[in-house]
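K.L.:
Turn these sequences into a full structure, and let the hints guide you.
Protein chains: 2
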Amino acid sequence: MAPAISFGPMENSIGFLLRIAQLTVSEATFAELNRRDVPIGEFTILLSVDLNPGIRQGVLADRLRIKWSSMTKLVRSLEERGLVVRQVPPDDRRAIALSITDEGHARVESHKALVLGAIERSVPTLNEQEKQILLGLLRKVAGWPPL
Amino acid sequence: MAPAISFGPMENSIGFLLRIAQLTVSEATFAELNRRDVPIGEFTILLSVDLNPGIRQGVLADRLRIKWSSMTKLVRSLEERGLVVRQVPPDDRRAIALSITDEGHARVESHKALVLGAIERSVPTLNEQEKQILLGLLRKVAGWPPL
DNA sequence: TATTGTTATACTCTATAACTATA
DNA sequence: TATAGTTATAGAGTATAACAATA
Numbered sequence: 033m034a035p036a037i038s039f040g041p042m043e044n045s046i047g048f049l050l051r052i053a054q055l056t057v058s059e060a061t062f063a064e065l066n067r068r069d070v071p072i073g074e075f076t077i078l079l080s081v082d083l084n085p086g087i088r089q090g091v092l093a094d095r096l097r098i099k100w101s102s103m104t105k106l107v108r109s110l111e112e113r114g115l116v117v118r119q120v121p122p123d124d125r126r127a128i129a130l131s132i133t134d135e136g137h138a139r140v141e142s143h144k145a146l147v148l149g150a151i152e153r154s155v156p157t158l159n160e161q162e163k164q165i166l167l168g169l170l171r172k173v174a175g176w177p178p179l
Numbered sequence: 033m034a035p036a037i038s039f040g041p042m043e044n045s046i047g048f049l050l051r052i053a054q055l056t057v058s059e060a061t062f063a064e065l066n067r068r069d070v071p072i073g074e075f076t077i078l079l080s081v082d083l084n085p086g087i088r089q090g091v092l093a094d095r096l097r098i099k100w101s102s103m104t105k106l107v108r109s110l111e112e113r114g115l116v117v118r119q120v121p122p123d124d125r126r127a128i129a130l131s132i133t134d135e136g137h138a139r140v141e142s143h144k145a146l147v148l149g150a151i152e153r154s155v156p157t158l159n160e161q162e163k164q165i166l167l168g169l170l171r172k173v174a175g176w177p178p179l
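Sequences listed follow chains L and R, in order. Quick note: the first sequence uses our numbering, first residue 33, plus one each step. Quick note: the second sequence uses our numbering, first residue 33, plus one each step.
If you're looking for bench data, these hints aren't it; they were derived computationally from the structure. Hints are supplied without guarantee of correctness; some may be wrong.
In the DSS-like style, the derived pairs of lysine-lysine whose C-alpha atoms are separated by at most 30 Å in a straight line are [unchecked claim]:
| # | chain 1 | residue 1 | chain 2 | residue 2 |
| --- | --- | --- | --- | --- |
| 1 | R | 172 | L | 172 |
| 2 | R | 99 | L | 163 |
| 3 | R | 172 | L | 163 |
| 4 | L | 99 | L | 163 |
P.N.:
Here's what the structure looks like:
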């Protein structure tokens, strides 16, 4: 697991280490959740819609760093399965406002503990204090306000 | 840029923030390097081979978190363009040892400053001390030894 | 003219698995 | 039997651009 090899100046690169760390964590998370048929990307969208009823599709795409063309497909799929509702808001008829259905909400609730637990367990090498520091720094990198 | 919307418990998730931060940084880096026709993934492999002559293809794939089947294509492409050499080591004839060519080395040297500069500029929201702390925590997450 | 969302194409990388050559 | 690498197929997501509807 350790880099028996050298990456020279790249080892001081935030971008490079972010990539390696992100893949390390997501592979672990994905392995656990995939076994139980819980698609984490889909869960994230459902949770976001649940917490932010009426959110516009494009805004959600931007925040989650998903391309608009990808978000169209994802949301359409969720709508077809009765998990979200797409509505044209009267004040701007170009837009799509998303809201959760009862079934979508139930899905979020039933998966929440599993997903959050898997994510938590996927970073076993940091203690609580280190995790809080890391979260704060990652928020800064992402351009998010402090908690 | 700020999350005017709430992600609830996901905002405390290292895995989620790692993904957002990584995409934020890589989009900025990619935008700058792509304009100058410098593929960063390819540069990383060339640099690694340059710094670790004779490294096995599979070992490099594992360290860079690239799948073996993807690495095969990437390395073959680099070989076709005369940037790396693939050799079967006598002690294990299943393996492939990689080494850089003069042309590959020249490519690394000519791109090094550009790539590292772009990566550095892609994290404008952190000061030097914060970057060092973040690097250390990311190394821990990735399972790498401390610097 | 600009914005929101859709559609389409080409491309990259992954997930999976079967396959070979060698150990 | 296990390991290093290759090949093939299906799928997800991106990059790009053109497009319709609305602002």
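K.L.:
All the hints need checking, so say for each whether the structure fits it.
P.N.:
Results of checking the hints against the structure:
1. 172(R) to 172(L): holds, 19 Å
2. 99(R) to 163(L): Roughly 28 Å between the alpha carbons, so the hint for residue 99(R) and residue 163(L) holds.
3. 172(R) to 163(L): holds, 11 Å
4. 99(L) to 163(L): The hint holds at about 29 Å.
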